[in-house]
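Chains as they are written, first to last, in the UniProt record's numbering: chain A, 1 to 350; chain B, 1 to 350; chain C, 1 to 350; chain D, 1 to 350.
It is worth saying that the hints were derived from the structure and are not from the lab.
Check each hint, because a few of them may be wrong.
Repeated chains share a single entry, so a pair holds when one copy, or any two copies, can fit it.
Below, computed lysine to any residue pairings styled on SDA-like, alpha-carbon distance capped at 25 Å [claimed, not checked]:
# : residue 1 : residue 2
1 : K72       : A60
2 : K7        : N287
3 : K59       : S17
4 : K65       : D262
5 : K130      : E201
6 : K7        : Q161
7 : K72       : D15
8 : K59       : P147
9 : K59       : D15
There are 4 protein chains.
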Amino acid sequence: MRIDLHKIPQASPDDLSGLDHLIQSGTLDPTQIIAILGKTEGNGCVNDFTRGFATQTLKAYLGEKIGAAAAKQIVYIMSGGTEGVLSPHLNVFTRQAGSLEESPHWGLVMGISRTRPFAPDEIGSLAMVKTVAQAVQAALDDARLTPENVHFVQIKCPLVQSNQAESGRSSYQSMADSRGAAALGAAIALGEIQPEQLQPEAICQNFNLYSKTASASAGVELQNCEIFVLGNAAHATGDLIVGHAVMQHALDIEAVRSAIADTGQPPSQVVNIFAKVEADPSGAVLNRRHTMLDDSDISHTRMSRAVVGAVVAAVIQDPMVYVSGGSEHQGPPGGGPVAVISRLSSAPVR
Amino acid sequence: MRIDLHKIPQASPDDLSGLDHLIQSGTLDPTQIIAILGKTEGNGCVNDFTRGFATQTLKAYLGEKIGAAAAKQIVYIMSGGTEGVLSPHLNVFTRQAGSLEESPHWGLVMGISRTRPFAPDEIGSLAMVKTVAQAVQAALDDARLTPENVHFVQIKCPLVQSNQAESGRSSYQSMADSRGAAALGAAIALGEIQPEQLQPEAICQNFNLYSKTASASAGVELQNCEIFVLGNAAHATGDLIVGHAVMQHALDIEAVRSAIADTGQPPSQVVNIFAKVEADPSGAVLNRRHTMLDDSDISHTRMSRAVVGAVVAAVIQDPMVYVSGGSEHQGPPGGGPVAVISRLSSAPVR
Amino acid sequence: MRIDLHKIPQASPDDLSGLDHLIQSGTLDPTQIIAILGKTEGNGCVNDFTRGFATQTLKAYLGEKIGAAAAKQIVYIMSGGTEGVLSPHLNVFTRQAGSLEESPHWGLVMGISRTRPFAPDEIGSLAMVKTVAQAVQAALDDARLTPENVHFVQIKCPLVQSNQAESGRSSYQSMADSRGAAALGAAIALGEIQPEQLQPEAICQNFNLYSKTASASAGVELQNCEIFVLGNAAHATGDLIVGHAVMQHALDIEAVRSAIADTGQPPSQVVNIFAKVEADPSGAVLNRRHTMLDDSDISHTRMSRAVVGAVVAAVIQDPMVYVSGGSEHQGPPGGGPVAVISRLSSAPVR
Amino acid sequence: MRIDLHKIPQASPDDLSGLDHLIQSGTLDPTQIIAILGKTEGNGCVNDFTRGFATQTLKAYLGEKIGAAAAKQIVYIMSGGTEGVLSPHLNVFTRQAGSLEESPHWGLVMGISRTRPFAPDEIGSLAMVKTVAQAVQAALDDARLTPENVHFVQIKCPLVQSNQAESGRSSYQSMADSRGAAALGAAIALGEIQPEQLQPEAICQNFNLYSKTASASAGVELQNCEIFVLGNAAHATGDLIVGHAVMQHALDIEAVRSAIADTGQPPSQVVNIFAKVEADPSGAVLNRRHTMLDDSDISHTRMSRAVVGAVVAAVIQDPMVYVSGGSEHQGPPGGGPVAVISRLSSAPVR
């Protein structure tokens, strides 16, 4: 299995000039695309339509290139919010059977899956956790990956809009519930949490239960979950490898360096970094009070993306990184998983 | 009892030039001040320090004029948020025994009271409801008012900051809980709700329970509740009168006109209008979808103040009105009480 | 000429279920659509992608219904910003030659036109004014309208993004410049301003020069201007009529009533109201200080839409009205044009 | 001359409990305070009243401790904006003549000064530049510092509110103009720019002219400029030393390390770091597009503080640092000066 990753800048959510150039020049074969992970420039919260706009544009474009049915098989995950230095871009993943000249070696493999749609009152529930767990397992199977070799599980999950809401839950809160349940589903599939450990009331309450590799992003543009998993395996034939670490807090610059080191490659070989973040729910970072949770003018998910985006970008001196807000059950409270895809600097050992 | 109301523009939260002019010119005797209700230009949400800034400035100024102990007896209620056309101002209420030349007649009377401080986990609880109910009764006694003649109950109540919060409640949500419990306290004191009707789980859940005259405003600048009541009684000796109505929705312009009519005076006699508002929790106003509850960039309390501020101001062609956001248990869902103080256009009947 | 207007709610910028229902049921013939004026739920400022998202969705949908070439002939004008009670919707205008059974009478007619694209440094310039003036004249010709019978000129105009900007002009400022130049173009075409009166330095400086019927809206989603004009003429055959007035300030509720009266129809016959607004540049409304221009957290165009939206909606008790922010050279400073389309309550006089 | 720096957390703009504790315990002698530099939790833009609230609170408190006249001699500079991880705090600087036991050595010295008030139309003008230049020279004299040994010049400067504004300048823009002119004044006093190089039209236009040590912060709470300078000199007797560097861009983490190294002390000895920042006016950081200048919901100065605050805090793993937004003529476009005060790790060489 050969996985390639093309990191493509976007001038706006509907800008596909970079993707089109790669396809026109023959660098990227659109029939091989299995997933597109985008960072779009909306507010990343409830009324962020840049995610849906980018997805609609991609589907229409790829529908023309490879047919609507094939375009529909691709997993599209758009995460809103490019606060601070974060730079809007698409991560286009392609997958192909290893070519005859390539022999398998230890490196990046990838799988995808989808859940059924969820009803509004299922979002954030134990039923959602279980359904996501099954789908993550399906993605592992698709990648031929074992849990211990997984480094990143990306899940796009739905939210509840105010006009669908049951009494007392805001649409913004439903995003947190949805991300939390999705992350716990991944944790169960990966064996990080045992199903019997998980009581319904623990969801978005007991944050000591978490996954070290799950990354969940909620959006108004879908009703089900769409999933991809990244890991390393012996049947890889490409020149990419993935590593990860867990940030303990928003300024955990050492964790970013550890995640890079986990790929076995120098920082110059990094293709992209994928991190989840949140404003520390304790109200303090490194024992210093922060004001993100009491700022009624700027959502704390927006601010936390600006912070961790700056930290990650400073390490590799590249602001075109993927940082997504809201890390409920994704890493410890105030922290979050960070994964790195690097290019193998020398010919892989076969 | 003679109540006077001075409506004074402010150029900033610490601008007391208007008040000082009235005092210097002998128009306003600072020893007679019993309450100051301000509309300050912060965001009206958690991190709004304009309320505390105005209060601190007032206390220091009046402390010099009338002594710190006397200044401390005054009820200071600052409500943040002058979105749209709303114009920052102070409502300075004075009270004096009727002078010898004045005979009593039907008109405005006023009373004040305070509760004990509340612990963070009491905020929004049944204990808070009961404590507020007792304090509202004390304010009625202070005014020598009977419940059926009350037209406006203003309560300033505390909130829970994120660093004090128990798990799972945001500081923004605690403002709603606090306002809701305070309003229910008023409703019980006024006989609008029977104590046995009120279950703890109804607070901020069953919005069919509400007061028609309570107006609660939460802020970081106090830990207890401060209260004043306005009503009409036969022992009034001043030239003001109060009326009220209940807005059923944010565009209920007829209710504003009814409240004016309830004073028995023409619109030209209005001194100020006091209204509570909220973004309709159903997600629609007059069966048309609104987007306030799904806008993650602007708090819905801010937007709802802009809306009702414009409606009220348009009726009397004066944007210097008091409109406060967050009307949990204050009027029906999506609506809120509206009170009017007018000047008697002819000599009161004695 | 018969003009019809369908006012269609949208649940999101890409929701065409209402339009589709009208087309499927035969109520609306898509080949007759000449213009679609939408109010979408973005911030209405620079990074509002709801406008482009709605337009892309409409073009793709109508392209399937009537062919891409025909869909491209339609004028699409999306104005962002549904602050407060404003409700997202589309105004779909159709035009057809009067049918045999209908005889012409005084009523609504409509024309459309487009300009060439503008370079970034042309935006807000005298060259833009002149080009728009010619295009407005073309739209008048298309409608067979004379200037004195025009009631509304809608112009969608471009802006300059920060990465295209010359030194010293923000993208937000370029929106104002673009709207101002477009409105002056309309004023010249309508004879409200003589070309020789207009010096280049007057653009967005001398606001005593203005149009009483122009409404300009800037967006990132186009580089040229797209225009439609509405007026009354003797060759109308439909059952609509248009009127207008000029709001002198944000609370000019009488102007809204005048505009309704100008149609000769009672308020119950109003189909939609179209208004332009701005935060009064003097810093005061009706001699009361407002804080919109000094609020660094919420753009003043957003707040001013919430205000005027509430006022207009309160008059007709319908929040699904079209209110657009930024009224440079559109009505007097702090005010703006307001137009009303009403349905003739009885059979038109033929 | 002995300079001490106390870095004191604040729980709110009016929280002086930390300062009071130091004074009560005898650690800090209030008669020795010459300047207080605060980072308060407002929006840092026009309508940020946390600056004035903190200053009012400090003046009242210190007035009681040392008398109103002495309290008035202190330079109070409050800079708003603690976005992201930045933690609200006060930097209280004390100055005393070296005690008998201390011999002079190379280390931190400090001087203060003030300008006259500026009229609104002077703000951002060449007249302001010249007046600030003279005042910076006065502060150098007060510190007995030569320009080549200066590492940080902090200037608090006024802004123009919308109700004072001449046509066409927003209050937000006036903040930039004021900071720019103040920084150019410092640059002239320090010999970084020759007076004859500076044309009036260069102010806030030609950003190739800049100071490497100036830090200017605008606020509504004063009409003049208040200034302090930090540098090293042979007549120091305390245990602090200052260094600086210039960040070339928002992610210039090496410049932060250089500034620390410039003090000759290890990172563990850092007391505080002082940085100026801005959203890169080119629209890109390290050749990657950023969206800060086109985001109409969050001011770019707010976002840029979050970014550089995170970078600086990550280096020393302490979020209680001073980062201030808007670096016009303060460092190169997109960058800004960064200064570090460290404690001498061993006994200073005498």
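Verification of the supplied hints:
no., hint, verdict
1, K72 to A60, "both (10 Å within a copy, 17 Å between copies)"
2, K7 to N287, "between (37 Å within a copy, 14 Å between copies)"
3, K59 to S17, "both (14 Å within a copy, 20 Å between copies)"
4, K65 to D262, "neither (37 Å within a copy, 54 Å between copies)"
5, K130 to E201, "within (15 Å within a copy, 30 Å between copies)"
6, K7 to Q161, "between (32 Å within a copy, 23 Å between copies)"
7, K72 to D15, "both (19 Å within a copy, 20 Å between copies)"
8, K59 to P147, "neither (31 Å within a copy, 45 Å between copies)"
9, K59 to D15, "both (13 Å within a copy, 17 Å between copies)"
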